[in-house]
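Use the sequences and the hints to build the structure in full.
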Amino acid sequence: MTPRRFLATLGPGLLWLAIFLIVPSVIMLGYSFLTRTDLAQVGAPWTLENWQRVFGYDALFRQWVPDNLRVLWRSLWLAALSTLLCVLMGYPLAFYIAHQEARRKNLLLLLLIIPFWTNFLIRVYAWILILRPFGLVPSTAATFLGMVYAFLPFFVLPVYSSVEKLDWRLLEAAEDLGATPARAFMTGVFPQTLPGLVAGILLTFIPALGMFVVSDILGGAKTALIGNLIQNQFGQAGDWPYGSALSFLLMGVVLLGLWLYARFAGEKGLEELL
Amino acid sequence: MERGTHRPELTAARHRLYYNALHVEDFAGKFKREDRRITGPSHSVVFKGKRVRELSADAAVSVVDVFKAYRNAGGQETPVLRDIDLDIRKGEFFSLLGPSGCGKTTLLRILAGFEQADSGAVVIGGRDMTGIPAHRRPVNTVFQSYALFPHLSVADNVAFGLKQKGIRGQDLKNRVARAIETVQIGDFGNRKPDQLSGGQRQRVALARAIVNEPEVLLLDEPLSALDLKLRKQLQVELANLQETLGITFIFVTHDQEEALVMSDRIAVMNRGRIEQLGRAEDLYERPRTAFVANFLGSSNLIPGRIREVTPEGALVQTDFGPLRTTQHAGLMPGQEVTLSIRPEKLRMERDDETEGNEVRARVDDIVYTGAENQYLLEAHGQRLVAFQLNADIGADEDFDYDEEVALYLPPASLVVLEEG
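Those protein sequences? They're chains A and B, same order as listed. Residue 17 in this note's numbering sits at position 17 of the first sequence, and the numbers go up by one each step. Take the position in the second sequence, starting the count at 1, then add 1000; the result is the number in this note's numbering.
Misleading hints may appear alongside valid ones.
Below, computed lysine to any residue pairings styled on SDA-like, alpha-carbon distance capped at 25 angstroms [stated by the list, open to error]: (1) A:Lys165 - B:Ala1225; (2) B:Lys1165 - A:Phe185; (3) B:Lys1173 - B:Arg1191; (4) B:Lys1165 - A:Ala182; (5) B:Lys1165 - A:Pro191.
To be clear, the hints were calculated from the coordinates, so they are not data collected in a lab. As the structure is a computational prediction, the values presented were derived from the model and not from experiment.
Structure follows, in structure tokens:
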């Protein structure tokens, strides 16, 4: 490929990536090695202190206090649980919608998307009204419910799109060959929905891991998640270098997960996913 | 046969050629049953004369008064199968033939257990299948689009059915290998379906079904996605495979040639009903309805009224004058009937001698198709079609545009249809 051609075809994409992904990441990486100065500014000297704090090293008392890792662990759990409930509710829902006649199908899809027309914050506040009579606000359970509510459409839509394309004859083929309906589903249908399922899980799990709005409003101070921690550094605490380092911790966890998935499902799996 | 030899313009050589051609044509029916040699590139494959075998008396499948209708959103019923009643014998190659929408695929799906009949029953291998789900029926299906599992290799696809039965280990391996070998895809066991050509996929689908040794194999237009040459080759292979395995085949197709080539018996379906059921040659030579006459091959239909009925046949008054047919059973004088005659049974002649059953006609158009010439003729304002074998007409056309010819309609070839 000539350089000219290279620029003409890949150029715009690379430029986009550079401006919105690479440059900000490099800046953040730089910040994570700098110091918070007066008036919440970022400046010299270069230091590893932020990274030590991220992993829980208390420089003052020279001891390890892995609070951040505990928060991260809790965030992982909550994100995983929310994703699981999304899967349990959303997977059958996607089949239900895909099975309707065209008009009803469009109506149901519209109902799924309509909430997006209202501001997300307002919708989360609305949950306070719903859950308060049950004494659930603030609590981890409320955060959990709020997260499931927030991400269910993001899970259902990709699954729906792969259910929509299903080749149902494979189900018949499996039954014809003597498989019980349950087994026929697992061999004939389930593998075909895998791309949508994985996409839905990622679209749910990754944002849930970084979520701070829901836990802030519904969870109260007790259920701070890694997202709250990061947001706090960029907001009230005004400690951007520490916040940057925490962000990289989160990013590292997500990338590790994707890497494990790629190893498990092979290159092809990751390709399909992306 | 004499009639063809009356041609004064024929040289001695052509004369002999013509005579031979006629001779072959006359015996073609019997000859073809004995030894159907497929000419052309696949001539190494030979039919094994299966068409002369006797059908078993035992029914492999009985369909008893099956009725099925689809309801649309407005609650309106559209019948797709109306009181289908038929017996398919053990070891038979049976075809359901008809245009799309005639109900043949629905009938097959009811046999497979994918759909339920509204009323009536299906008996397979002596057992009533009512309420028995697809996975517990002693049948396997070859789907029109093959429906191979895309995430499984060829070998795993073929092994699927046996695994459901709990067969494992060496036994499983051997049986899968044998099935794959039978359909000649031994080298592709490790490939995924999307790495195969259409013909190879077809073979995998076949292997996946026959490996289970079903009592009945259901085939839903399995060749329709393939190109003509491959289709012809697979027709022969399928017929041979069926004979080797001895499994009852129920073959759904809209391709009349496919059905004629392979089947022991054919049921011609139209609008949810069986129009006619019988051996290929019965259907072709003695179609009972205008639909069958035109769906299997093509026919000239001539309306008329019966003038007299004798033990030798009937005389039918038509627009072309009186025509004699050898048919007489069940016919009454005065009855309105339709006569049917195949285009290749019409004899085109130049002589003026009248021996009865002749129609004067004018050549309107000539279509050269290679193996035969198709003459579109006009007689008394009606269109008639006559086919002349290439061997009959020599290298060039025998008759010219606008030429006046005499058409001889052999009484034995004039079939009286049941309905108009």
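Structure-based check of all given hints:
Under the criterion of a C-alpha separation no larger than 25 angstroms, the hint pairing lysine 165 (chain A) with alanine 1225 (chain B) is consistent with the structure, at around 21 angstroms. Between the alpha carbons of lysine 1165 (chain B) and phenylalanine 185 (chain A) the distance comes to roughly 17 angstroms, so the proposed pair stays at or under 25 angstroms and holds. For a cut-off of 25 angstroms, the pair hint linking lysine 1173 (chain B) to arginine 1191 (chain B) stands: about 16 angstroms separates their Cα positions. For a cut-off of 25 angstroms, the pair hint linking lysine 1165 (chain B) to alanine 182 (chain A) stands: about 15 angstroms separates their Cα positions.
Pair hint lysine 1165 (chain B) plus proline 191 (chain A) holds up; C-alpha atoms about 22 angstroms apart against a cutoff of 25 angstroms.
Against the hints set out earlier in the document, no violation occurs for any number.
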